[in-house]
Structures are given as structure tokens and as C-alpha cells.
Amino acid sequence: MRILNLVKIAFKAIVLNKMRTLLTMLGIIIGVASVIAMLAIGEGSKESIRTTISSMGSNMINIRPGEDTRGGVRQEASAMETLTLDDYYAIKEQADLLTYTTPMVNGSGQVINGSNNWPSSIYGVNPEYLNIKVLDLQSGSMFTDAEVKSASKVVLLGQTVVDNIFPDGEDPVGATIRFGNIPFKVIGVLSEKGENTFGQDQDDVVIAPYTTVQKRILAIDYLNQIMASAASEEQAPDAVTQVTEILRTQHKLADNEDDDFNVRSMEELISTFSSTSEMLTVLLVAVAGISLLIGGIGIMNIMYVSVKERTKEIGLRMAVGGKGSDILMQFLIEAILISVTGGVLGVALGLGATFFIEKFLHWPTSVALYSIVVSFAVCAVTGIFFGWYPARKASALDPITALRYE
Amino acid sequence: MAKEIIKIENLKREFTMGSETVHALKGISYSITEGEFVTIMGSSGSGKSTMLNILGCLDQPTSGTYEIDGVKMKDLSKNELATIRNEKIGFIFQSYNLLARTTAIENVELPLLYNSKVTSEERRERAIKALEMVGLGERLHHTPSQLSGGQQQRVAIARSLVNNPVMILADEATGNLDTRTSYEIMALFQELNKQGITITFVTHEPDIATFSSRTIVLKDGDIIQDYKNHNVQSAAEQLAKLPKENH
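Sequences listed follow chains A and B, in order. 214 is the number that the UniProt record's numbering gives to position 214 of the first sequence; each next residue is one higher, with no gaps. 123 is the number that the UniProt record's numbering gives to position 123 of the second sequence; each next residue is one higher, with no gaps.
The shape of chain A in the complex, shown without the other chains (with noise of 0.2 Å):
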């Protein structure tokens, strides 16, 4: 018995059962369906996570003095001197898997512009800042290495800063302003970026060159931090090693001594939140598998209604020359055939609930194709599972038992 013509019976059993079958898809097309808009759900905020902290610089590395205890008093770790500039050369020369770096100093202040004035944070750093934390600029431009060296007096704004102390909406650049009491020309004005995953205000900011901010406004000669980008997201724990080896030989640290600073990555951050969304993830795909398992004993039950019901077909069929066999492939094949064509629309309806949640609900989505393949491999396994049952008391059947059966 060819595979083609028991294909054909069973098709025509399912015909012939139009409701019954529709309503024993509905739980494969429901689960199918979940699974898959589940997934995408899953998916999309795990990405937009990751694209979050990767606007904020997912290569970056940060390099911050120790703490440490000073004649018993426990000091902030900004506040060590343990960081300079030398260290900074050294990391800029040796560390060949960073692409960007430079050294940080910062604080904090009134930024004034005639009558109008904002408290913010001014970070003194070098050119490179702006790729490290992947900012661009609205208008006018960056300073300039000579500007670093000859510690001009020279600023960024952020947009918070720019419409706070230019409320009357003129252009900031070339305008001179003050911090503190230092006057400051604004040469540039930074994008605007918005708020963070954290919910900081990532344009209330001012950036000038880091020598202007070490020797005009702190008096200090060592630095706040040292921050650093590696040359992709996948060399970034090994760019903390390196560097956490130059800094060691930097400081001269015996084996035995502790770091006396603290190198992180971005990386970290990272894997935090996607073992957060991953685990949604896996919850919002277990209560769908559930309810494809639903689907699942839905086809068993009703296959097993239907080898009762036609037993007396199944008897006829061995009478004129089926074998056991050819019974069994055949409602094996319509179990088949209902968790199959289930599974189809399942993916279809799957594919437009995702669409209308991003579309409507504006969460942010993205179908996986493996969740797509493995929801229909599933529904395959699924039939065979639950349709070898009752298949295989149909073709156990005793074909004299079944053609008397009423």
C-alpha cells in the first residue's frame, strides 16, 4: 500500500470531520501560536536590552582607583591618588587590545550663563571620549589634542545643560560661559542620548580637556578614573586581564598584594540583564509548551473517539485487505496531518499576533527562525506521539471482533 493513497484516506477522514478537526487543531494552533509570539517577546526585549547598554558603550572598560583604608579611615575609591597620568601612558602603549582610551577627572559645580545657572558634572577627558561612549555631536566640533595640551578653556554641553542656561533657544556655540568661577568658550554641543537603562539623564553633562579640569578646577594631578574601550564586546574580558596586568607592574605589586585598583567591563552588566530576560523567556515559553501539550492529548482524545467510532470501518478495511500495518499509518498519518496543519496555522497566527504587538502595543519583538522550525517539529513529534496510541489499538483491532461491532 503506497504512503500516497493512505495519505488520501486519512485526508478524507479529516474532511469528512471538518468542526471536529478545526476544533482539535485549535489547541496545536493556539500553543504553536503562543510559543512563537512568546519567544519573539522574549527575543525583542533581549535585544533592545542589549542595544541599550550597547549605545552606552558595551566595549567599554573602566578603570577606577582601589579603596583604601587611610589612618583608619575608610576613604571613597574616586578620592585614592593611586591613578595618574603615568599609568595611563603605560596602558595607552602596551594595552593593544583597547582601541580608545583616556583618562578622566571630574566634578561637579554651577554652570552659568548670564542670569541663568544649572548644577552638573564637567568631565575633564581627552578626544577619544567620544568613541569610547559613542556619543556624537549636534553642532560644532571636539577639541583638539593641542587644546588638550595647552589646557584650553574650552567646553561640550549636553542638551540637559544647553536648555537649562540657554533657555531663549540660541545657539551655544562659540558662546562663553561659566564653571564656577572659570570662564569656558562652547565649542560643541553633544547629541542628545536620553535616559539610560538606569534611568540617569545621560546629556546633563559638560566635557572639557582633561588638563583644563585637573590644573583650573580641581588642583589635582592625579586622575578619577581611566576609561578605556576594547576593540570588540568579545575581547573585552580579555582587555581587562591585560590591562590588569600593565597596571600591576605599573604600581610595582608584589604576588601577594591585592590590586589597588578595580578594572570592569560593560560585559557584566550585560549578562546580568540577559540572564533576567532569559529567564522571562524560558517562563513565558514553558506556559506555552503547556498549552501545545494540551493540544497534544486534544488530538489524542480525539483520535481515540475516532478509532471507536469506526471500528466497524477498520474492520471492513482488514476484511477487504488491509493489513495491520496500513491501519496503523493511517491514523497515525491523520494525527499527523492535524498537528501539522495545526502547526502551519499556528506559525501563521504566531507570525501576525508578533506583528500586531509591536505594531500596537509598541513592545519590541523579534521571531526567531529556530522558534519557528522548533515549534513545527514539535507539532510533527507531537502527532506521532499522541496519535500512536490510539493508531496502534486500531490496528490491534481483531478484524472479525470489528466488523460485528456496533
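Since the hints were derived computationally from the structure, they do not count as laboratory data. Where a beta carbon is used, it is the ideal one built from N, C-alpha and C, also for glycine. A few of these clues could be false.
Unchecked claim - Label pairs and their computed distance ranges (CB to CB): (1) Met17(B) with Ala286(A): 52 to 60 Å; (2) Val287(A) with Gly137(B): 53 to 61 Å; (3) Ser234(B) with Lys18(A): 43 to 51 Å; (4) Ser145(B) with Phe356(A): 42 to 50 Å; (5) Ser48(A) with Arg101(B): 50 to 58 Å; (6) Lys308(A) with Met17(B): 21 to 29 Å; (7) Ala396(A) with Gly70(B): 28 to 36 Å; (8) Glu9(B) with Asn301(A): 48 to 56 Å; (9) Arg101(B) with Val7(A): 14 to 22 Å; (10) Arg101(B) with Ala396(A): 25 to 33 Å.
Stated by the list, open to error - Straight-line alpha carbon distances no greater than 30 Å define the calculated BS3-like cross-link-like pairs of lysine-lysine that follow: (11) Lys88(B) with Lys12(A); (12) Lys12(A) with Lys78(B); (13) Lys129(B) with Lys3(B); (14) Lys88(B) with Lys8(A); (15) Lys88(B) with Lys393(A); (16) Lys129(B) with Lys312(A); (17) Lys7(B) with Lys219(B); (18) Lys78(B) with Lys12(B); (19) Lys129(B) with Lys117(B); (20) Lys8(A) with Lys117(B); (21) Lys312(A) with Lys219(B); (22) Lys88(B) with Lys308(A); (23) Lys312(A) with Lys74(B); (24) Lys117(B) with Lys393(A); (25) Lys129(B) with Lys88(B); (26) Lys393(A) with Lys78(B); (27) Lys308(A) with Lys78(B); (28) Lys359(A) with Lys46(A); (29) Lys72(B) with Lys228(B); (30) Lys78(B) with Lys8(A); (31) Lys393(A) with Lys74(B); (32) Lys12(B) with Lys312(A); (33) Lys12(B) with Lys26(B); (34) Lys88(B) with Lys312(A); (35) Lys78(B) with Lys312(A); (36) Lys72(B) with Lys312(A); (37) Lys26(B) with Lys72(B); (38) Lys72(B) with Lys219(B); (39) Lys393(A) with Lys18(A); (40) Lys74(B) with Lys12(B).
Got chain A; can you put chain B on it based on the hints?
Then chain B, alone, in the frame of chain A:
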């Protein structure tokens, strides 16, 4: 001497019911030659149904031999039995056993679906031919619910013919029909028999037996009578003698 289609020797069938053994057939021997029209008669409990199941290769004897068309029915597997049913026997049942909501032609095609040697074109051709033989050439696409009892039984007869069996096995084939329709069906059987088809007809109605060429009577698992009918009645003539129905 015509070819022996069925050859049965000392056939026994026993059933175990709890601790008791029921001897349904107690050592029966007979043979049927090609072209015969045999009725097997007997009241219920005579072993008629058991005989039918064994003849139809649905059941195996406890002992003795059964040969159909030269094939010994001993120790055959379930699948081999299915193949023999498919290729050598045509079944007709009291309750027609047609597939509901399935057209006449698809019902007739059914046995050929289980024969991989037959292509789908040949299947359709043979099904149409069989339905024409039973006089239903005009009703190929009717479903059982659109056909009368007699017409449904004709479809069943076409189904039994479609695989060119060596023998047609009918089980109370007229049991659900009124006298007129029964005679019509018997006339059809006689016509098929004239064309050389061997028929074994199991029944408990004595008038049906008068249309056959030979009658075997069973009682309590034994043959009590086996006689040639020298005065075969023509079902068509009997039909003409019936009072006309008022429509």
C-alpha cells in the same frame, strides 16, 4: 473436471470459554469447484459463522487443512492472510458495510487501495466496470445515504467483484432486504455465477437455497446434508411471479 477452488479436510475449530472447550466445527471435509453456487445453511449455533470466518481467512482452524486456490491456509501470518483476503476473496455482508459519506465509486475502489500493484487509473476503471456490472453505472457518485438498501447491496457486490476474486463470500447478503429486493439481488448473483464466478452464500433462509446449485447444511458443527440442487429456480422468474407493487 473443474478446478477445485476450496478444499477442506477434517477441519476443526475449537474455542476455549473459561474451562470449557466449545467444538464449533467437528471435523468437516468438502470441496467447492470453480463455477459452483453453494449455499451454506444452518440455524444459529450450527458453526455457520465459524465456517464463514475460516473461509474468509479471517480466522484460522484449530486443526485440519484449508486450501483456497491452491494456497494452504496453515500458519500464515496476519499480513499474509490480509493479502489473500485482498486478492482471492470478495466479501458481502448483511449490513452492506459501506463507508458513510463516501461515493459508490470510492467504496468500490477500497479493496484496490490496499493492492499496490494497481495504479490509480486502473483502480478507477475497474471500479466503474464493476458498478456497471451490477447495474449502477448511473450512480457512481451517489453516497450510501442517497441509495436504497438494494442499491447499497449492489455497491457492496461491485466492491466484492472489483479485485477479480476466485470466490465471492456472502454473509446473509439478503437478510436486510424485502422479498422483492432479495430476489433482485439473487438474480444478480445467478447472473454473475453464469459468467463463471464462484459464489458461497451463507444463509438461514431456505428459499434462498433454491437459487443455488448446491447446498451444505450444518448442524452442531457437522455437515448433515450436502446435496446438488437439480432443480435450480431462476430468481428472475420468481421475481416476475411476485405480485406487482402499487406505486
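### Message
Just to be careful, I want the Cα atoms of Lys393(A) and Lys74(B) compared with a cutoff of 30 Å; is the pair within it?
### Response
holds, 26 Å
#### Entry: Hint check for Ala286(A) and Met17(B) - Cβ pair distance inside 52 to 60 Å
holds, 53 Å
### 30 Å Cα cutoff - pair Lys7(B), Lys219(B)
holds, 20 Å
### Message
Against the 30 Å threshold, does the CA-CA distance of Lys72(B) and Lys228(B) hold or violate the hint?
### Response
holds, 26 Å
### Query
For the pair supplied as a hint, Lys88(B) and Lys308(A), is the alpha-carbon distance within the 30 Å limit?
holds, 29 Å
### Query
Given the proposed pairing of Lys129(B) with Lys312(A), does the C-alpha separation stay at or below 30 Å?
holds, 27 Å
### Query
Are Lys78(B) and Lys12(B) close enough, with their CA atoms no more than 30 Å apart?
holds, 20 Å
### Pair hint outcome, Lys312(A) versus Lys74(B) [Cα-Cα no greater than 30 Å]
holds, 27 Å
### Query
Are Lys12(B) and Lys312(A) close enough, with their CA atoms no more than 30 Å apart?
At roughly 28 Å apart (the allowed maximum being 30 Å), Lys312(A) and Lys12(B) satisfy the hint.
### Query
Taking 30 Å as the top limit, are the C-alpha atoms of Lys12(B) and Lys26(B) close enough?
holds, 5 Å
### Task
Verify the proposed pairing of Lys72(B) with Lys219(B), using a straight-line Cα cut of 30 Å.
Cα-Cα ~26 Å, so holds.
### Query
Is the hinted pair Lys129(B) and Lys3(B) satisfied, with a Cα-Cα distance of at most 30 Å?
Holds - the C-alpha atoms of Lys3(B) and Lys129(B) are around 26 Å apart, at most 30 Å.
The structure meets every hint from the earlier list without exception.
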